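The listed protein sequences derive, respectively, from chains A and B. My numbering numbers the first residue of the first sequence as 1 and each following residue consecutively. My numbering numbers the first residue of the second sequence as 1 and each following residue consecutively.
The set of hints was computed from the structure by calculation and includes no laboratory data. In this text, all values refer to a predicted model and were calculated from it rather than measured experimentally. Among the clues, some could well be false.
Claimed, not checked - DSBU-like mimics (lysine-lysine), calculated; alpha carbons at most 35 Å apart, straight line:
| id | chain 1 | residue 1 | chain 2 | residue 2 |
| --- | --- | --- | --- | --- |
| 1 | B | Lys-289 | B | Lys-231 |
| 2 | B | Lys-231 | A | Lys-316 |
| 3 | B | Lys-231 | A | Lys-220 |
2 protein chains.
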Amino acid sequence: MTMKTMMTTQLENGRETQVLLADGLKDLSSHLGEYGRNVLWVFDTNTAKLFKQLPPSNVVLESGESSKTFSSLERILGAALDEGLARDGRIIGFGGGVVCDMAALAASVYMRGCRLTLVPTTLLAMVDASVGGKTAIDFKGMKNMVGSFYPASEVLLSIDTLRTLNDKEFLNGLAEVIKHALLSQNEELYKFLLIKKNEILSRQPEALTTLVELSLMVKKWFIEQDPTETKGIRQFLNLGHTFGHALESSSHYGMWGHGACVAWGTCRALEAGIAIGIGDKAYASGATKLFKSYGYEIDYRIGRGDWIEFRDHLLKDKKKADGKVLFVLLEKQGTASLHPLELQLVQHLVIAKPIF
Amino acid sequence: MTMKTMMTTQLENGRETQVLLADGLKDLSSHLGEYGRNVLWVFDTNTAKLFKQLPPSNVVLESGESSKTFSSLERILGAALDEGLARDGRIIGFGGGVVCDMAALAASVYMRGCRLTLVPTTLLAMVDASVGGKTAIDFKGMKNMVGSFYPASEVLLSIDTLRTLNDKEFLNGLAEVIKHALLSQNEELYKFLLIKKNEILSRQPEALTTLVELSLMVKKWFIEQDPTETKGIRQFLNLGHTFGHALESSSHYGMWGHGACVAWGTCRALEAGIAIGIGDKAYASGATKLFKSYGYEIDYRIGRGDWIEFRDHLLKDKKKADGKVLFVLLEKQGTASLHPLELQLVQHLVIAKPIF
Chain A
1 MTMKTMMTTQ LENGRETQVL LADGLKDLSS HLGEYGRNVL WVFDTNTAKL FKQLPPSNVV
61 LESGESSKTF SSLERILGAA LDEGLARDGR IIGFGGGVVC DMAALAASVY MRGCRLTLVP
121 TTLLAMVDAS VGGKTAIDFK GMKNMVGSFY PASEVLLSID TLRTLNDKEF LNGLAEVIKH
181 ALLSQNEELY KFLLIKKNEI LSRQPEALTT LVELSLMVKK WFIEQDPTET KGIRQFLNLG
241 HTFGHALESS SHYGMWGHGA CVAWGTCRAL EAGIAIGIGD KAYASGATKL FKSYGYEIDY
301 RIGRGDWIEF RDHLLKDKKK ADGKVLFVLL EKQGTASLHP LELQLVQHLV IAKPIF
Chain B
1 MTMKTMMTTQ LENGRETQVL LADGLKDLSS HLGEYGRNVL WVFDTNTAKL FKQLPPSNVV
61 LESGESSKTF SSLERILGAA LDEGLARDGR IIGFGGGVVC DMAALAASVY MRGCRLTLVP
121 TTLLAMVDAS VGGKTAIDFK GMKNMVGSFY PASEVLLSID TLRTLNDKEF LNGLAEVIKH
181 ALLSQNEELY KFLLIKKNEI LSRQPEALTT LVELSLMVKK WFIEQDPTET KGIRQFLNLG
241 HTFGHALESS SHYGMWGHGA CVAWGTCRAL EAGIAIGIGD KAYASGATKL FKSYGYEIDY
301 RIGRGDWIEF RDHLLKDKKK ADGKVLFVLL EKQGTASLHP LELQLVQHLV IAKPIF
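For reference, chain A alone in the conformation it holds in the complex (with noise of 0.2 Å):
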């Protein structure tokens, strides 16, 4: 076994999430296969394609965001009582960011916690759903209503997965990235972004394999300050997903990708932020220019028609506070604060002319 550690995370409760990088997809499957047996697989239909002969334990979603139902999960589970796995047992997540929230879900519950491997092929689902044990389902049409907190034993990686992944899947994981780079303490992510632009998105890598854990480094900083999301610092993770998860889920804006809203989100959260008087105009200025040059759509507006149904989907999102809705906003590099915004605010950052 050929693999690297490229990370550990330390979250309370002696649980440890260790990152181990795979030199391709063989090595990666020689590791799996030491398991034996005792362990499920979880995959969805694009990735079960990925083998010749799947594991005999196993479970394949449909892809796609609609597999995070409480029907998925009953399914896994189900699976998991027929294999007869024990609470030793464990549960093997193979996928993007559904696939291991649905296999992350299942190993949180089944038998009050059995041990998880995740294996993470996007690049959302490295940066964002590998480490930090969120999970979670949709539910009544509200994203991730519904889960828990459940980090993951061991991450493996292979970075020539990320090869195979169309634009648009790849934008939708870029996206959290640049929002880490804002976020961070250092500017080591944003330089990085700045300057191997071409390298990042010609997929060198290399340079994938530096993004990957220059992104990972600044999520491990605030998830192991507030594993659970109870101290005000790992909320701010969050950063431009009040304002994404509400284009997301509204109606009309089916095709836009998960990054793609969060990429927009962002760049309306640090409008926002000048417009309470707390943002730095020049840094917000070079921040939504940096993701412009990735090509996302910042400057897109939503339409006077929309504006109820977003709104809607604003007020049920989980960061709440005496029924108000709150907002991350960024003041400069790495400094982040929740604030409650006035809806009419809102409604005139998606739907006005942007700043920028």
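Once you've looked at the hints, dock chain B against the given chain A.
Below, chain B without anything else, positioned relative to chain A:
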């Protein structure tokens, strides 16, 4: 507000459960009334009857084990969402073990965790489901197969609710109390049970209060040392449950209550300890007599024809290592240990003539 703090458990992650003692149902209601909005109540058809008018946000489950399902979970979560409950909202479980389990599981996954108050109204729920944070539903005919660890922030006890239970329901909880007495590091509860039998069975309030408090002190000792049952300590609270659950799950024994099964199972575990040479015979004999003195059917043998089904349920137990079912056995007062037992010995213990 006149509630007294009976006990506080300190779990990891700064999580704390306060156990408060109410001076009657009125006192309890006025305390709960202070929460105002942003709460969802969970009752069952029995406890809903205790109120002339139910609080506006409520879910009423059918009473009984058949409500420990995904469908009940989805009902509670759906109601919470319809009420607009945020992450700082609170779910209040008011009822027996099933209501407490379902309310706690729902609270543990609603937005990845909202606030939780439990008001256990049966002896079993008070000493078993109220502190310690184990939540679960039954799945594919297996008890407590899916769940989480999620301690309530607050447990409210009103001892007078114990006086309204029928005898079978009271004995359901008392079996867990006697089990706690055997597992305790001291003999206080054991002696109390020996000396105060008449006061307990006639449900004198002072005796019941002491009974619940001493029993919770034992549970506290185990859960504080091993909150998520990963350190090999908390699992000892399952004394009697491997035998007991198998009996409870076998179709012919549907009319046996949980407590009757646990009492029966604990005595089988005591016998198993003697059979493999680790158990103190005099202690096992005394403990068996204690169970009998409270009216439990300890001598019951399962029919030969029921063995296969009993065995199949055993083999699905969560406490497994390397494919072997593990049993909690007792050497003497407060000294438990985990052992794999050969199926032939198990068969002998549940079918053959009792030792004592």
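Verification of the hints:
no., hint, verdict
1, B/Lys-289 with B/Lys-231, "holds (32 Å)"
2, B/Lys-231 with A/Lys-316, "violated (39 Å)"
3, B/Lys-231 with A/Lys-220, "holds (26 Å)"
In terms of the numbered hints stated before, the structure departs from hint 2 and from no other.
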